[in-house]
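**Q** Residue numbers (our numbering), protein chains in the order written: chain R, 1 to 229; chain V, 1001 to 1229.
Simulated from the structure, these hints should not be mistaken for lab results.
Every residue, glycine too, gets a C-beta built ideally from N, C-alpha and C.
One thing to keep in mind: the hints can contain errors.
As the list claims (entries may be wrong) - Here are some, though not all, of the chain V residues that point toward chain R, as calculated from beta-carbon distances under 10 Å: (1) 1028; (2) 1031; (3) 1035; (4) 1115; (5) 1150; (6) 1153; (7) 1156; (8) 1159; (9) 1162; (10) 1187; (11) 1193; (12) 1202; (13) 1208; (14) 1212; (15) 1219; (16) 1221.
What the hints assert, rightly or not - DEER-style ranges, computed between Cβ atoms: (17) R:9 / V:1043: 24 to 34 Å; (18) V:1041 / R:17: 34 to 44 Å; (19) R:170 / V:1013: 52 to 62 Å.
Number of protein chains: 2
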Amino acid sequence: MSSNSIRARVRQELTSEIKAVARRQLATEGANLSLRAVARELGMVSSAVYRYFPSRDDLLTALIIDCYNEMGEAGETAAAVTGTALERWLAFGHAIRDWALAHQAEYALIYGSPVPGYRAPRDTVEPAARTTVVLARFLADGYTSGELRVTYADDAAPPPELETELVQALPVIAPDIPIPLLLRGLTAWIQLYGVITFELFGRFNNFIESSRREFFDHQMRVMAREIGL
Amino acid sequence: MSSNSIRARVRQELTSEIKAVARRQLATEGANLSLRAVARELGMVSSAVYRYFPSRDDLLTALIIDCYNEMGEAGETAAAVTGTALERWLAFGHAIRDWALAHQAEYALIYGSPVPGYRAPRDTVEPAARTTVVLARFLADGYTSGELRVTYADDAAPPPELETELVQALPVIAPDIPIPLLLRGLTAWIQLYGVITFELFGRFNNFIESSRREFFDHQMRVMAREIGL
DNA sequence: ACGAAACGAGAGCAGTGCTCTTGACTCGAT
DNA sequence: ATCGAGTCAAGAGCACTGCTCTCGTTTCGT
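All chains should be modelled from the sequences, with the hints used to inform the complete structure.
**A** Structure, rendered in structure tokens:
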């Protein structure tokens, strides 16, 4: 059978070996990592790498997909922990942040500036949505189970254009939650990644240095109250 | 006098011309713009550009400083508008967003992923702080004038390590405001740039498309209430 | 008017992504 | 066991990059 042939196995191993080396290079070179340097480190010639990834962008795509999946899995397992909704929310947030801190270059690759000239293929959108799906499910479950207790009494009503667009997107995001809760969830979503991005991209330098984890935790608790925890 | 010599004037003009071309290239090539391409577009040879910028990184630094100053100026003039504190807050936020939308590559350069291998020199920190200074002054003025009415009754107390670090940083950021207000201001600060970053980096694609301005406005109003407007 | 400094142009070096060709290897089917 | 097809690593080569150095020329301050 072809899938177990020597060639297929070697190909599989070499493919992940290339990705591993490329991810190590990502830390120092960022998105413009050198395919030739990867090949050099693996003791092969650059043209050989093209047997495994038809272009540098395809290698980047493979890395991006892997990173999205890793972060998504980290978020999923954290959110699946047993405990109160608040505990699960905090576990989720810290899981995302921990992964980002441990893989700064990878986080920059998937959540930082878009790589110029790179067009993300369709294969990336599903892995990219994993963490967002966790969050949406968290909101939906919390709402139907009653764990999220929010009163939207003094919420500013969204302008009609925004509301219709949100209603339109609701079925594919988080069905059966009210628009005000979705808006608050979006605030929390943006805040979560906003804090991480600011932290990793140096916005807290010479300002918040030793208590960044505490700051993140505080912001996540503020957002927890925002979504009704 | 040397500052009025032909050479000095030509040098001044060519310097800004190089920066202008480089910024145009920024849109298509991002942070890895080509010094040679810039030179080519200006009809000179690549080595000539090195008379004006000793390295590509120095050219990037010049662009970064210019961008910080432009955005800072946009924020300053917007915040100086006459009106209620809420109006000034909204004007500030939209000014930042408008500048970012009009200069997407430039925004990515200063607020996106750190350029690998690039170390920002000291000259950049003051321009970088301009928008933040506007915001800090806004908080301080609003607090002393009583325009910001916040009750911190059910605010979660920050952990002591975070509080001491914030107290330590308070004098250089926004003197004479209480820590709870500073924390809420940080939330608003992060949210402002978080929404813009998500919008520009494609996080809203296939989700919020035509009502992005309304969404941003809504988030800014949520944050306005957060800081007591 | 003269020496110094600044300047543009060109050649050159090492590196890059990518293509094409060449020869060796492995595979599945006969 | 053999043989054609597909796969592989290697190398040469193209156009590009940042950067350095040298070489005449121009401009400056004195």
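**Q** Going through the numbered hints above, which ones does this structure break? Give me the numbers in ascending order.
**A** 3, 5, 6 and 17
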